[in-house]
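Colleague: Chain by chain, the residues:
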Amino acid sequence: KQEVTQIPAALSVPEGENLVLNCSFTDSAIYNLQWFRQDPGKGLTSLLLIQSSQREQTSGRLNASLDKSSGRSTLYIAASQPGDSATYLCAVRGYSTLTFGKGTMLLVSP
Amino acid sequence: GAGVSQSPSNKVTEKGKDVELRCDPISGHTALYWYRQRLGQGLEFLIYFQGNSAPDKSGLPSDRFSAERTGESVSTLTIQRTQQEDSAVYLCASSLVGGAGSGYTFGSGTRLTVV
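So the protein sequences, as listed, match chains A and B.
So the first sequence is numbered by the working numbering: it starts at 1 and just counts up by one.
So the second sequence is numbered by the working numbering: it starts at 1 and just counts up by one.
Because the hints were derived from the structure by calculation, they are not lab data.
Some hints here could point you the wrong way.
Unchecked claim - The calculated DMTMM-like cross-link candidates involving lysine to aspartate or glutamate, where the alpha carbons are at most 25 Å apart (straight line), are: (1) A:K42 with B:E44; (2) B:K17 with B:D63; (3) B:K57 with A:E3; (4) A:K68 with A:D27; (5) A:K102 with B:E44.
Unchecked claim - Which bits of chain A does chain B cover? Going by a derived footprint, with three or more residues having C-beta under 8 Å, they are: (6) 11–21; (7) 54–61; (8) 84–96.
For every residue, glycine included, the Cβ atom is placed at its ideal position computed from N, Cα and C.
Just chain A, same shape as in the assembly (with noise of 0.2 Å):
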């Protein structure tokens, strides 16, 4: 049964700086892994998609790479910014299931 496990569980930073969350999984049987933010009250918005034969994809001041025979990605937010300040899930697709970790939840303060 595939596990995603997401480090750490909550980060609180100043506005500017770079940082990086975590994702790891126990199956490397993936199809992809996707990246997603969830807002207070609100459904997951899909932020990257990294097929399992890519390596990273980027998309504005975020990156998001994959090492699937190590079973991690990482999401790297460039120049954080108090609108980025939300929950942060990885996802992870096998055949038939889509396997969520508990997610990170970042504020980014003024």
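Got chain A sorted already, so can you dock chain B onto it with the hints?
Modeller: For chain B alone, coordinates are given in the frame of chain A:
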């Protein structure tokens, strides 16, 4: 449509009543998931539909929960004889294909409160 649509957005029901939650996936998306998120908790898988294949119901917590989907269209999640522990946000997601390649798009969820 442009996104995954869920209705109602909020539902308050009395303990013991039945509720029906609706998900309209993106047109043409063959794969559809239902998840539950209790307050302060992670996403809990409930059920997965892929085209006309038999659904993966392994996440349904009890026989009070059931879901239907006809082909690649609307899905409904039904909770019978609701209990207070059913209070949660119910999220639906759809994807273009069931196998590799596509990411999932989530709806905004239905917040269910059982009083």
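Colleague: Which of the numbered hints are not met once you compare them with the structure shown?
Modeller: Hints 6, 7 not satisfied by this model.
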